[in-house]
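> Sequence:
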Amino acid sequence: MYVDVVFPLKIPPLTYRIPADMPRDLKGRIVKAPLMGRSSYGLIVDVFNKADGPFKKGMKEIQSVHQQCASGTDLQFLKWLSHYYTTPMGIALKSCFFEEIVAALKKYEIAALNPVRYSDVPDSRIAGRPPDDYPGEAAGEKGLSHVCGSIRDRDYRTFLLHAPTAPLEHSLLLEILGNTGAAARGIIILVPEIRQIESLELPLGRMFEQRLCVLHSKLGKGKRTEAVRRLITGESDVVLGTRSAVLAPLRGVSFIAVLGEHSPSYKGEEGLRYNARDVAVMKGFIEKGCVLLSSVCPSTESVYNATISKYTQIAGNRIMPSRTPGPEASHMTGHGRPKIRIINQQGGKHKDLFITEELLKEAKKILSKNEGLLFLINRKGYSLIRCEDCGHIAQCKKCMMSLVFHKGEGRARCHYCGYEEGITDICGECKGTRIKAFGAGTERIKEEVEEMLKTEPLLIEKIKGSPKISSELSPDLSPLIIGTAYAARRIRGGEFSAAAFLNIDVLLAQPDFRAYERAFQEIMHISQMVRPGGTVFLQTRNPGDRVLRLIRNYDFEGFYNYELSQRKALDFPPFSRLILVNIFAKKLAAGLLSEIQTAVAESREEGAEVLGPVEIPSASKSHKYCIQVLIKSKNSKAANATVKGISNKLEKTGGLKVHVDVDPLKI
DNA sequence: AGCACGCCGACT
DNA sequence: GTCGGCGTGCTC
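If you read the first sequence in our numbering, its first letter stands for residue 9, the second for the next number, and so on.
Treat the hints as calculated values from the structure; they're not laboratory data.
None of the values given here were measured: they were computed from a predicted structure.
Glycine included, each C-beta is placed from N, C-alpha and C at the ideal position.
Among the clues, some could well be false.
[To be verified] Computed spacing ranges between beta-carbons, pair by pair: (1) H423 / F521: 17 to 25 Å; (2) P27 / K576: 52 to 60 Å; (3) I202 / P551: 34 to 42 Å; (4) V622 / G228: 38 to 46 Å.
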């Protein structure tokens, strides 16, 4: 007998011989096997007879066979993960906490793992009381009972909930768990960021007690091993965590909730670049568990999946595009949402100011009442650096990104690669001497606020160094807070009376087909920090912008209709699949580009479109050059095969490093 | 991941 | 002349 063993390493499965007197159920067992003159733990993923051969002579033998740790569906899931994200199975195994499993088994000498799966438990033991319908905003719709029924019946389904507000998103989840949690076995609850674990940990702890286990990437090695130990022994079967928790080694899954499903945090930027939301949907499918995706501003992809009935939409806002959209139906006011007001940034009395007269007036009103106000600007530092003579904007010598002027230090910095230089008053392009600050970052806004509003505002990133303050960051600290939308996510507690995006156009003009969607999500997120009846201001030079108007009206239906029509016209996701291939090189040799072009041409499958290759800046120290190829296809098999072909061909060529990013969020 | 092999800079 | 830097490659 022969077995294929996967090690948690970047290597393909290796084949070993196995003694004749071994147990029959070898698949999914942990084994100790010789590897590179030492012994390592791996997982049996396949079993072969002699007839399946021919096998290489002199193959090594398995040293010992241990516990069963992966079920048939676990192996199916592992293979899917490896195939879909074009990664060696070993990397997928490693991401699925295999090393922690081995460590837990070693440390606690868990003798025999009970192989019974939760799905094998008789129905009578997992029956719960019938749930009440969701009593919230959308009373009358049978959303909640549908989810609860689906969990109990192990009737696989993916639900999409468009929650009116984040607190309602939480309370709906808690209600579902309250109804079914006691009976359901194997539950995963995903939140986009670690800080969101805290607010759910208390009520979930009360509900599940020792069944609950928290899992996120900031957990130390010991705590991670302990969490995994609890899961594989069955002590815990409810996981609350971030992205990686979707890969937690649960013995069967009956329910997965993905809160803030639109969040880019679910997509990994390094290592195995999986999207936890998509993985959750596949895991639910494989495990016959129920999946709930929820968000106050769902991704266009998920909304599309609901319109084609791949997902089931439940109570909440109406977002499914309908044939006769009436204005009343689309205006989702109420729900305790703040007003959204568009401010025209064009013209006006003081053109050179970044805060319009209109906004200044509103700000004075709010500050006079001693209420909280939040200013958002999408750049750190003071400004860009521009030559008045030729219009040239100073750029980083390494990566072509704009340099940012930091007034306090009197230096220019590249926020992408960290390059820094002193400021000069001579233009690098035309030798002109009229060098001026251009545009505004947080520092410049602070200066303007001090002058125009005679207030000392709080700059969020300035206090980054002192974690004590940042964890308590709230509007109570200062009536006026300035920061980037990203930094503003660290603000908690209290509510603002108003928030203002000082330059929403920067967000809308991102060279990415998801720019509008991201802007909408950002605005929705910030609007959650403003009290009901308060206002979110959007300063823009395009007050007539169609999408801004849809956003202002909270017209989700109109927004998704527009977004989907745009994406369909351009064949972007969800109407196609994208795979980004980054080829890193040490030197930009003359033959390299043509070599890549040949590899691309030879690998291109029917139905796969190839964009590029183009050179993009590289952040890597050892590989200073990066060539990017974007694969776009309606046929995911063709896209996958094309990428596999390209990376196989190029990886054989020395000196190249190939990174594959399936379903990239940023392009 | 480890561990070996291998090819260029600062030391006895 | 050698010691050692870590970049590259292999593991049944």
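> Hints first: check each against the structure and report whether it holds.
Results of checking the hints against the structure:
1. Checked against the given bound of 17 to 25 Å, the beta carbons of H423 and F521, roughly 23 Å apart, stay inside it.
2. At about 58 Å, the CB distance of P27 to K576 agrees with the hint of 52 to 60 Å.
3. Separated by about 38 Å at the C-beta atoms, I202 and P551 satisfy the suggested range of 34 to 42 Å.
4. Between V622 and G228 the beta carbons are some 41 Å apart, a value that agrees with the proposed interval 38 to 46 Å.
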